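Colleague: Produce the entire structure from the sequences given, and follow the hints as far as they go.
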Amino acid sequence: MRALAIAAAVALAGPVAAQPGGRVVGTVKFLEADGGPASAADVIVYVTGFNEPPTDNVTVIAQKGRRFVPDLVAITVGEKVAFPNLDPFLHNVFSQSVPRKFDLGSFKRGETKEKQFPEAGVVDVYCNIHPEMAATILILPNRRHVVAAADGKFAIDGVPPGDWTVYAYARRATKPAIASVTVKSGAEAMIDLEIVRGPEPAHLNKYGEKYKDGGQVYH
Amino acid sequence: MRIALALLIAACVFPRAAHAGRTYYGWLFGTEVMPERGVELQTWIQEENDKYGTRTKETWVSWAALVGVTDQLELALPVELDWAAVEQMDGTTRTSFTFKRFGIEARYRMAPQDPAEAPPLVPLLRLAVKRDVISRDSVRLEADAVASYDAGAVQAVVDLGAVGDIASGSRHVELRPSAGVSMLATSELRVGAEVYSEISLDSVVESWATAGPDVSWSHGRFWISGMFGIGLYHVRIAPRVLWGIAF
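Protein chains in written order, with the working numbering: chain S, 1 to 219; chain E, 1001 to 1247.
It should be emphasised that the hints constitute simulated quantities derived from the structure, not laboratory data. Note that this is a predicted model, so its numbers are computed, not measured. Note that CB positions come from ideal geometry on N, CA and C, so glycine has one too. Be a bit skeptical, because a hint or two may be false.
As the list claims (entries may be wrong) - Reference excerpt, derived from the structure (chain E facing chain S, CB under 10 Å, subset only):
| id | residue |
| --- | --- |
| 1 | Arg-1037 |
| 2 | Gly-1038 |
| 3 | Ala-1085 |
| 4 | Glu-1087 |
| 5 | Asp-1090 |
| 6 | Gly-1091 |
Modeller: Structure, rendered in structure tokens:
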């Protein structure tokens, strides 16, 4: 569902003419499964329907305290992500996600490995040594994506005029929030979104096996 | 008598080289290497039956521990055992089973380890040095220049190998050119065909060649590849099976 949403957006997308962009603003309400509020700072909001070239930016996901920090990032198709190990022991980074399968091997403190992501989609990355480590990379067709503020407010600048689709995505969301938006040059388009946080799905190690503790669900 | 003696020497002193690294083929090296600090245990078993037009038979086993030194360089520590049955001039058969050789080998993939980042054409160089357990003054040197070309589900590989056995007062050199094609049948299964040859550059042993279908299956941390070699020249059947398990 997640990957399909982005893949479909890329398939339908095309480059846009250089016109003054508009702004998409709004609020995303992020709820726990029991209906309680969750911090919307764990939510990424993005617009799809058009393509933009990647930047030279390298997004960083650190391995620190047996966690990936941050555990959710958005990049543009063709950009790189760096994985520095800041822990005093070995970590591994791997993905079995269809858009980008890789295995960076095991590396020690102070070492950094990079990976480029040439195809759009959702890539879940894990550590083969520490099953509690999980992160997600959204590889998007353009640069119009932001992390929402803790109160849920967001603003995406430079969106080309047109009819686009807006998504709100969180790592443990049961499903992404989706809305349509019409953007006009120099104008603001308002939109509100709501998503619900679910449990962290269990995952397997890089060999497709349960981790040694029997496949515990990690949060 | 000279033929029997030559076969005995061939069986006891020049068993096949150990192959390291995951391969889709039976007799050919692949170009895959393990990621950094990856560890794998591998086993190779091969038969060469009725070589040189005689009833000489040989089964060769090698175990090796492999470690990924970097994402492009892996080291293997092979240990080789060899069983041979050599026909004698009087019609009897002499058998032997020996710890033949141990050593170290390096495989360097001249492209990124990640297939998504590597070009379709991937070269790999392999160098090995091995000590002979029986002929204590003998050293074996092995080299392979391997190139794989991936086009979608199909992969073609050419492996230009060479082996030299150097001892005090003697020297033997042979070339081992081989080629194969493998096609992805399912996400875990590949099928293909290959041809393998050993071309002796001296009179110590004779040349031979084989060809046949191969199959390779990978599942999680385990993989296995095998080839049923049908004799083309100076051998009747030469099957080979390899498997590995990663940790």
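Colleague: Decide, hint by hint, whether the structure agrees.
Modeller: Against the structure, the hints come out as follows:
| no. | hint | in the structure |
| --- | --- | --- |
| 1 | Arg-1037 | 4 Å, holds |
| 2 | Gly-1038 | 6 Å, holds |
| 3 | Ala-1085 | 39 Å, violated |
| 4 | Glu-1087 | 46 Å, violated |
| 5 | Asp-1090 | 54 Å, violated |
| 6 | Gly-1091 | 52 Å, violated |
Of the hints listed earlier, those the structure fails to meet are numbers 3, 4, 5 and 6, in rising order.
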